[in-house]
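Let the sequences and hints guide you as you build the complete structure.
Using our numbering, read the sequence shown as starting at 1 and increasing by one per residue.
Among the clues, some could well be false.
To be verified - Quick list of the computed label-pair ranges, beta carbon to beta carbon:
#, residue 1, residue 2, range
1, T15, L263, 51 to 61 angstroms
2, V170, T2, 38 to 48 angstroms
3, G112, T15, 18 to 28 angstroms
4, L263, F48, 47 to 57 angstroms
5, V5, N232, 42 to 52 angstroms
No lab work stands behind these hints, which were simulated from the structure alone. Idealized CB from N, CA, C, for every residue including glycine.
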Amino acid sequence: MTERVILLVSIVVTTLFACLGVIWGVLTDSSMIIFDGIYSFISLGLSFLSLAVLKQIQDKDAAEDARYPFGKAHFEPLLIVFKSLTLIGMCTFSAINSFSELLAGGRSVLPGPAVVYALISTLSCAAVMVLIQRKNKRMASNLLAAEQQQWLGDLLLSFGVLVGFSAAYVLQDSHYSWVVPYADPGMVVIASAIFILLPLKSFIGAAKEMFFYRVDQTVIEPIEKEAACIANQYDAKYKFRMVSIGRELNIEVNFLIEENRLLSIVEMDDIRRRIASEVSKMKKQHWININFTHEPLWL
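Dropping the structure here:
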């Protein structure tokens with residue numbers, strides 16, 4: 001399955017559950033199930049957006065190269081930031097609204113139908129999330145990782161609904177039946193608070209990429225080690241820079257060569273090949289810029 005096909009599967013399943021959640025929520029008068037359905041609708045819109053961005057990133061004709069001379073890798077973190085902020089905003093609004101319902105005495109909901117919905121939703125979300133997770137082990141796509149985070153969020157939400165309404169179903173004929181009206185809005189508040197943390201992690205990661213924050217040392221180390229080896233071989237100093245932007249690694253290595261040492265074009269290209277060979281082991285798209293100078297100013 002390609003990245004595009006996986007996103008399409010996600011869109012189809014999300015559409016089904018968005019409709020199911022809203023309809024079931026309205027019929028059972030459950031704000032929690034409606035919240036689940038609305039979350040799915042927002043996820044659906046964001047999945048379509050992911051598909052559009054993926055098409056843009058993969059479109060590499062001459063006209064697009066002229067329009068975006070440094071590529072479109074930055075589209076990916078931009079999208080993830082937008083998706084994360086959208087989900088955080090939706091969860092914040094839902095939490096405030098449901099907290100008001102708690103203060104007003106809760107909401108009466110029949111737990112039985114809600115349990116059936118939650119069970120179906122939990123199993124389906126788990127299946128889709130595992131599918132995306134397994135396929136993305138080979139692709140290492142940030143878009144699919146963000147999609148997986150959305151499904152993980154939906155899975156946790158559905159499981160929370162299942163646990164909450166199962167407890168309400170057990171308690172409805174007991175001495176603790178007074179708790180049941182608070183179950184529905186209470187779960188929305190708890191789920192919303194938890195949900196804010198999931199997109200927050202994606203937001204921080206994408207924001208770091210947008211601000212060209214340093215790459216993890218484990219990624220840098222093998223490539224910089226090769227650069228240091230080359231510098232030692234040619235009695236040169238070097239400056240190594242590396243950032244990750246979406247699915248692309250941007251690498252710049254500047255070598256300060258002694259004035260009495262002249263490198264041929266063949267030698268320069270051999271150095272570039274050595275660096276490129278190390279980068280290729282990362283199995284990520286990459287942009288490499290390797291420069292040679294006698295002037296410390298250009299290091």
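These are the hints, each one checked on the structure:
no.	hint	result
1	T15 / L263: 51 to 61 angstroms	holds, 58 angstroms
2	V170 / T2: 38 to 48 angstroms	holds, 46 angstroms
3	G112 / T15: 18 to 28 angstroms	holds, 26 angstroms
4	L263 / F48: 47 to 57 angstroms	holds, 51 angstroms
5	V5 / N232: 42 to 52 angstroms	holds, 47 angstroms
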